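Protein chains in written order, with numbering that gives the first Met the number 0: chain A, 0 to 433; chain B, 0 to 433.
Think of the hints as simulated: they come from the structure by calculation, not from any bench. Keep in mind that this is a model prediction, so the values were computed, not measured. Virtual Cβ for every residue (Gly too), placed ideally from N, Cα, C. Among the hints, a few may not be true.
Distance windows between CB atoms, simulated [to be verified]:
id, chain 1, residue 1, chain 2, residue 2, range
1, A, ASP249, B, ASP267, 56 to 62 Å
2, B, GLU333, A, ARG256, 42 to 48 Å
3, A, ALA99, B, PRO371, 27 to 33 Å
4, A, ARG390, B, GLU427, 30 to 36 Å
5, B, GLY373, A, THR277, 17 to 23 Å
2 protein chains.
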Amino acid sequence: MSARAGIVITGTEVLSGIISDRNGPWLSERLTEIGVDLAHITIVGDRPEDMAAALRFLAGEGVDLIVTSGGLGPTADDLTADVVAQFSGRPLTLDAGLEARIAEILRPLLARWPDVDRASVARGNRKQALVPEGATVLEPVGTAPGLVVPPREREGPTVVVLPGPPSELRPMWEAARATDAFRAATRGATTYERRIMRLFGMPESEIAATLVAGEQAGLPLDRLEITTCLRRGEIEVATRFEPDAAPAYDTFAAFVRERHGDLLFSPDGTTIDEQVATLLLGPPGRTVATAESCTGGLLAGRLTERAGSSAYVLGGLVVYSNEAKTALAGVDAELIKRVGAVSPEVAEALADGALARLGADVGIGVTGIAGPGGGTPEKPVGLVYVSVATRDGARVTRKLNLPGSRSDVRERTTTVALHMLRRLLRGEDVPTTR
Amino acid sequence: MSARAGIVITGTEVLSGIISDRNGPWLSERLTEIGVDLAHITIVGDRPEDMAAALRFLAGEGVDLIVTSGGLGPTADDLTADVVAQFSGRPLTLDAGLEARIAEILRPLLARWPDVDRASVARGNRKQALVPEGATVLEPVGTAPGLVVPPREREGPTVVVLPGPPSELRPMWEAARATDAFRAATRGATTYERRIMRLFGMPESEIAATLVAGEQAGLPLDRLEITTCLRRGEIEVATRFEPDAAPAYDTFAAFVRERHGDLLFSPDGTTIDEQVATLLLGPPGRTVATAESCTGGLLAGRLTERAGSSAYVLGGLVVYSNEAKTALAGVDAELIKRVGAVSPEVAEALADGALARLGADVGIGVTGIAGPGGGTPEKPVGLVYVSVATRDGARVTRKLNLPGSRSDVRERTTTVALHMLRRLLRGEDVPTTR
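Build out the structure end to end from the sequences listed, making use of the hints.
As structure tokens, then:
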């Protein structure tokens, strides 16, 4: 027995690609955590008939739970409550208490915008307080309440209706889970274990070959649901299994480690960002600084993405122009003239400059051609040099030839730089390539 | 008459939220461009029965065209060609010429990885050359070919099968459009006009009020399909209409301009990033430099996102630690001690430091508390100061109180900084707030 679910993301601006959906993936992870099997995510525009069709499709596929996001705002194109009410056969009624609570939430917001049209706000407020009969209201985090709508006559799926902004949807999830209707719908959920391994420095076909070899070697892979994908230049192996298949997973993980050795940089699913943060925090604690040309600040931006990164990131230099390379990072102007700004020598001088100028323990220098213009036969788009140097004289410099767009090249470079930094911090031997 | 379409995104790693889908939004924009009405985007895992259900659902909704992405790789969980062949009633047959062409593509890739398992590669190669009878092959951009599969007996939708990696899917789109089957399926497409306006500095409810007011004023809004959304802190008003409704759009646009004045910073849909780039390119050409604390390089990263940005971005300083603020940007250590690192004075000193150290025409300084920790009652999380200063003495400094997560605060700050930069470059008067 198991519980199945579907997700319906609403919004013409999502369907038309103007904004990208962040709720589907997040809800998907939450459902997986509680052992609910997600069958479909459907994205529809603000057309009631298309939304109704998506709900009927999921009901026809036999799902026990539908989660919707979006369409709960105050404006006329926000239709979700209405469509779900009809789908569930539960007419909308005004919840006067809820109307008052929303008005209370709006009061301080309105104070910030004194010229706002009050009648329009009151109309929206009342609209947001219309609730399908018998539904449970999830209190607003922003101004829109969520809903948990059980099926009429105990047939068909329970519908959890959540607002579109991720900052409102996410805090409401636990309240939705706590409702009786949600619990009843997900009664059959199986709890799965989930493990992730990450590898870096090989093509995806290699992991496919490993799976084939594992089967041939008689590994109990049929107890494991394994998916592999390429993500930010790394291979991610995600496995889901029922708790009693843990020994099968351990056998599989050992097989991957044996075949791929050091390329398996994360047997426990930690990301390269987490690993670098842990290594820098120490002991011994070490500080890092950057000097970036083609990545233009993205490496520093990625290193400071994590809360608490001020403990180990001192700062960085974005040296886009040659003059800035010389003035800020102290790269010899003659050197640039002689070997060119995109060269291993300049990457090393940048790493040294970051070290010296910021007084860091580790410096990272990046220079390259992100494209789409600026490439030559000798130095094509995608040619990047990364150098990582420590205060005590360790150093590694690598030449990369990265495929893809300008933003692919820039992002992939930050991933490679983090991997080089990790290996140097671990004291591993890394071959320099020029 | 019109043509309708659906999109099916496949892949357990997309459904489970491990990677985010970039193909749905992109395909959606392409379909809109050619006047095809998109009804649904459906995301399914690598389970053939779920994918088949999604195809049947869309066919049942009467779409003329289905575009799929993903599931064309060499591994066993790549099932799309098989499922689509069954859906269209066209058995898979081996295309020996295609098999040879794929082998040719693989040859140089294999040279880079000499230890790869050859039998596994050959198996994948053959699998990728299986084609539904009567389908048109779209030549591989990576290693996976695409397909255009017409319906059997001229009933039901044509299915365009594209690979998952955006860098392979995108270049194949034009080839797909050029096929007879695609043209036949989209014969009824209406070409719509599409316009975007962007506003900054007001809540979303204000644009809803404007739409209500427009209706009350008798504007011909029924000829326009208007959607509004909040994106990166800006309000985007996207409108679609049939060509003969252009005068109705012009009336609407004039109404928005009249009501919102300067807050309508983009009547033509250009982004703030594009506007800033155009202003910096000139004439007169001007250069910019940054000194960032809480955004940690993201502002420089955003300014250098555009190809050709080296013409106006000199570089920047990432001054995460107080020592770096002093050593790199020349901020007086006594000043930091007296007023704190998060203060209008330090934001201004950072802007001045960026100007001076990089010899730029315009300098931007950013300091703030991105959170989640580090806030105090006086200086809470989300408090950010941004200062923009020009070489000839113009300056504006603003105090921001930004809601949301660490990454929300960091990203929103870059948007505000770009808007301040734009106004200063245009010589507009911007009030300083402290």
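Results for each hint:
no. : hint                            : result
1   : A:ASP249 / B:ASP267: 56 to 62 Å : 60 Å, holds
2   : B:GLU333 / A:ARG256: 42 to 48 Å : 55 Å, violated
3   : A:ALA99 / B:PRO371: 27 to 33 Å  : 32 Å, holds
4   : A:ARG390 / B:GLU427: 30 to 36 Å : 47 Å, violated
5   : B:GLY373 / A:THR277: 17 to 23 Å : 20 Å, holds
When the structure is compared with the earlier hints, violations turn up for hints 2 and 4 and for no others.
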